Structure formats: structure tokens, C-alpha cells
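Starting from the given sequences, assemble the full structure and let the hints guide the process.
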Amino acid sequence: MALAFAGLLAPSRPFGAASLLLGQLLAALNFLFLERLVKLFTQASLSKAPADAAGARAGVLGWGGLKMAVVYGGAFALTRWNRLEIWPLVAGLSIPLAAIFLKAVMLALAPRRSPFGARKSVGSTLALALLAGALLAGGLAAAGVHPSRALAQRTVTQEEATPPAAHPGATAPEGSAAHTVSPPNAPPHDVPAEGGEHGGGGEQHLPNWLTILNDWLPGNPAVHWMHENEYLVFAWIAGLVFLAIIVIFMKRDALVPGPVQNAIEWVVESMEDVVGGMLGKHTHRYFPFIMAIFFYILTMNMIGIIPGFKSATSTLDVTLALALITFLFVQVSGIRNLGILGYLDHLAGSPRDVVGFAMLPVMIPVHILGELVKPVSLSCRLFGNIFGEDTLIVVFVGVAALCLKASLTALAVPPMLGITALFMLLQTLTSIVQALIFSLLTTVYLYMMLPHESHDHGHEHAPADVPHVSGSFPTEPKEVKS
Amino acid sequence: MNFAATLGLALPIGIGLAAIGSGIGLGFMGRGAMEAMGRQPEALPRIQVAMIIGFGFIEALTIYAFVTMFFLQGKIQ
Chain A
1 MALAFAGLLA PSRPFGAASL LLGQLLAALN FLFLERLVKL FTQASLSKAP ADAAGARAGV
61 LGWGGLKMAV VYGGAFALTR WNRLEIWPLV AGLSIPLAAI FLKAVMLALA PRRSPFGARK
121 SVGSTLALAL LAGALLAGGL AAAGVHPSRA LAQRTVTQEE ATPPAAHPGA TAPEGSAAHT
181 VSPPNAPPHD VPAEGGEHGG GGEQHLPNWL TILNDWLPGN PAVHWMHENE YLVFAWIAGL
241 VFLAIIVIFM KRDALVPGPV QNAIEWVVES MEDVVGGMLG KHTHRYFPFI MAIFFYILTM
301 NMIGIIPGFK SATSTLDVTL ALALITFLFV QVSGIRNLGI LGYLDHLAGS PRDVVGFAML
361 PVMIPVHILG ELVKPVSLSC RLFGNIFGED TLIVVFVGVA ALCLKASLTA LAVPPMLGIT
421 ALFMLLQTLT SIVQALIFSL LTTVYLYMML PHESHDHGHE HAPADVPHVS GSFPTEPKEV
481 KS
Chain B
1001 MNFAATLGLA LPIGIGLAAI GSGIGLGFMG RGAMEAMGRQ PEALPRIQVA MIIGFGFIEA
1061 LTIYAFVTMF FLQGKIQ
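From first to last, the protein sequence lines stand for chains A and B.
Its first residue numbered 1, the first sequence is counted upward by one per residue in this note's numbering.
Its first residue numbered 1001, the second sequence is counted upward by one per residue in this note's numbering.
None of these hints come from the bench; they were simulated from the model.
Since we're looking at a predicted model, the values are computed, not measured.
It is possible that part of the hints are untrue.
[Stated by the list, open to error] According to the in silico footprint, chain A covers these stretches of chain B (three or more CB under 8 Å from chain A):
hint, region
1, 1012-1020
2, 1065-1073
[Claimed, not checked] Between beta-carbon pairs, the in silico distance windows are:
hint, chain 1, residue 1, chain 2, residue 2, range
3, A, K405, B, L1009, 46 to 52 Å
4, B, I1024, A, L429, 21 to 27 Å
5, B, P1041, A, A222, 36 to 42 Å
6, A, L372, B, I1024, 25 to 31 Å
7, A, N337, B, E1042, 29 to 35 Å
[Claimed, not checked] Computed footprint of chain B on chain A; a stretch qualifies when at least three of its residues, placed anywhere within it, have a C-beta under 8 Å from a C-beta of chain B:
hint, region
8, 292-300
9, 436-443
Backbone N, C-alpha and C fix where the C-beta goes; we use that ideal spot for every residue, glycine too.
In C-alpha cells, the structure reads:
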């Protein structure tokens, strides 16, 4: 693979290809030495005999010195070589890392898992989903596939005829004059006034601490990058926050759980009931992923309630990344469980008779379309709900601030803020329900994809987005005529 | 009647229509779920889950209209 990459680069940019290869060589050597060193270290600590330990220590010294000389010397020599191209080198360095990362991912998703270990692995899978989501969102952002920002730029361009990217590092596109004067200890609800007032037709946002930071430190590239990709930053924050909570409260694993552990265990257990009712014997393999998605989305939704923060899910980038992960996960698990042939058969609508085979040319596009619509509907649903709630709150805060600014009556402000608080209550509800719906729909899609014995495949002929959910529970209770 | 005016008229109406449809659907769904819960209180959690999923599907239709409006909103100038 590495050679193929280098070969692709070689004709046009020979030095780039050389840098790529050298970077890979360096990383591979680094890992080789690291492996030796780690082995020696473990030997030294495990072995009881002093002679062995001494030998191992000498080995450590020897290998360590060699590693120093070869790897760091090589790196130093590389930096001295002035024909070096930096990006191919970085890519070359990171390709072995990426391979190891993928291997670790595969290990983490390995099918053998103790049945009741599901709860413990939620954290690790969460980290996985977080990483993958961040990577995907970052990839989307980097590749310029940035639906919401492109949209915002378009609307702003129409409004002000100066796209915000035209003056990098200067100020936020919305209400720059107001933000620059906002003192640091101003209550965050005072700031949004101008933002709400400005927007004629485009998006309206409450400014967050990144906006304020960007106005304080104009021209700082790191801050500017964070401001440009603020959703990404908030997604990371949300993931890290929940990861921290999980690690702190689940590490102790007390027999008599504390309040937080109790709450988390209650959520996990009730979700396990629900998911287990649908997936049956597949539950323990897919439950960690579903739960990680649930908690991650929940945290990202809820973080928007804190003043100065913003729901990371109120942009299409993040939700689309999550939905794409889910889509890939469902497809891959389908292929894994049904086999390639079974998967194709499933896509063809499982034809078993003449009519089924005759309908093949119609059924295959319909099913493929149905699969492709799923991520779109998942992401649009989450984005639309969260964004709608946020917009509602922005509008009400804006009205309150407008009253204050026009000094209509200061009396109008407290009721307005009260209404805003009510909508924040509604936002909490929406956050929970949307996270639940996202994870439950993931479960339903998995359920439709996985083989199950007791049912015929009749329900899978439903059009794209609407599985007859209520009719397809495997353990549906018999109807009791009273 | 130019493009912007058409959009300005059509977008709210479209959202309203979508909301009417979703409302009817939600009504049917909620009614069915409530009746089922009343008849079988012991199956309540399962019915609730199915109901929430169904709500999600129905609500998504309005959300599509909302997203469409949001995408086209910038063109009203």
C-alpha cells in the first residue's frame, strides 16, 4: 500500500515520494525498536533471576541507544535535508500509525465478548465512536464538504456582500461590533442581542466562548481554527466530558453504587432491555456501539444548554458523520452475519419464487435506495430537531435583548427569559428523545439487517424509511381480548 | 410574482402543511398507543418504545420540510 502511494506520487513529485517513503521507514523503524524495548522491559520486570534482569537491562541500554541513534538521528538528518517535502513526510509517518489504529479498532470490535461485560466496554466503544466521529467530521470539514458553513457563507454573502472567510482572523460574521466590547464577565445572555437582531434570513446563533475568544485574540491561528470549526471543538468537548464521567465513575465499580453510577447503570440497563427485546441473541455484540452512540449524542445535545456552549449536533456535519458511521456499521455487520451472498440476497429482497426473481430489477434499486436514505434521514432528523430548538431559544433571547436595548420596558425582559428557560426545559426533553430515537433507529436498522429465525422477511419489503416497527418485535405479546 | 416572493409564500405554507400531516399522524399514533397501553398496562414499556420510534419517523417528515425551508431561506432576498 505504501509503495502504491509512493508510486502514485513519484512521477510528478519525486522528492515528495521519497519523503513519503522515508517517513514510513522512520515510523516502521520506530515501532520495531519500541517493540524490542517493550519486550525487554517486560522481561526485566518479570524475570526473577538477577542475571536475567541484568542481561535484559543491558539489552535495554543497547537497543535504546541504537534506537536513539537510528530513529532520532534519522529524523534529524531528515530535517537537515532541504529537498524534504513536509506533508508527504507527515503522511508517511502517520500511515503505520493509522494501520495500527485500525487494527486496534478491529480488536475492540472483536466478536468475542463476555455477555455481561457490555457495560464496561461502553467507555471504550464511546472513545472509538468519538474518534471516528471526530475524524469523519474533521474529514468532511477539511474536504470542503461543509454543508452548514457553506450555507452560512452563502447567506452571509448575500446579506453583507463580504464572506467571513475574506478577512481571516478578524471578527465573527455576526455582530462584530457588539462582541468586541462585551466584557468578560458579562452574563452570556446579554451578548446574543446583536446576533439575534442581525440575522435577516440566515442562521442565527448565540455566540459562544469561542466567538468571544476569537474576538479577544484576533489573528491567532489556533483560535481562529477553533472558531471556524467550533462544532468540531464542541463535539470533542462533549465526548471528552462523557468519557471522563464514565472513566471516573465506572472505574471504581462499587458494589453499592453512588448516585452517578446508579443513574448511568439505570440508563444502560433499561436500554439493554429495550435493545435486547429487538436484537435478541445479537444484543451483546451490538449493544456497546448503540449505547456509545446514545451517550455521545446525548452529551452533544445537552452541552448546548450550558450558556456559552453550543450543541455540536446542531450542524449537519456532525450528524452526518454519526449517521455515516451508523450506516457503515449496519452494512458491515450485515455482511458479517449474512455473508456476501446472503447480503446480496437481502438487498435483492430475498427472492424465493418466480415472481420474486421477476421483480429483481425493481427490487434491487429500491432496496439500495432504501439503505442510502437511512443515513440522510437519521442525520436530517437529529440536525433539524436540535437546530430548531436552538433557533427557538435564540429568537426568544433576541427578543428579550431587543426589549432591553430599545428600552421598551425592562419589565418585558424577565418574562422573556422565563419563556427561554421553559424552552430550555423543552430542549432537555428533545435532547434525550432525539438521542433515544437515533440509537433506537440504529437498533431497528440492525434488526432489519440481521438474520432472525422466527419471522419471514415480509416486513422488509416496506418502503425505504418506514419499517413496520410495531409489528415486527420478535417478542410481541399476544393480543389479549378482554 | 418573482422567485423570492414565491419562496416567501411557499415556505411557511409548506411547513404548515407538513406540520398538519405530521400532527394527524402523531394523533393516530398516540391514540393507538394510548389505547394499547390502557388495554395492556403490563406491555407498557414495549409499547412506549415502539411509539417513540414511530413518533421519530412521523416527526421526521416535518423536519424534512423544516430543513428544506432552512436551505431555501437564504434565497429570499
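**OP:** Against the earlier hints, flag every one the structure doesn't satisfy and list their numbers going up.
**Re:** When the structure is compared with the hints, numbers 1, 3, 5 and 8 turn out to be violated.
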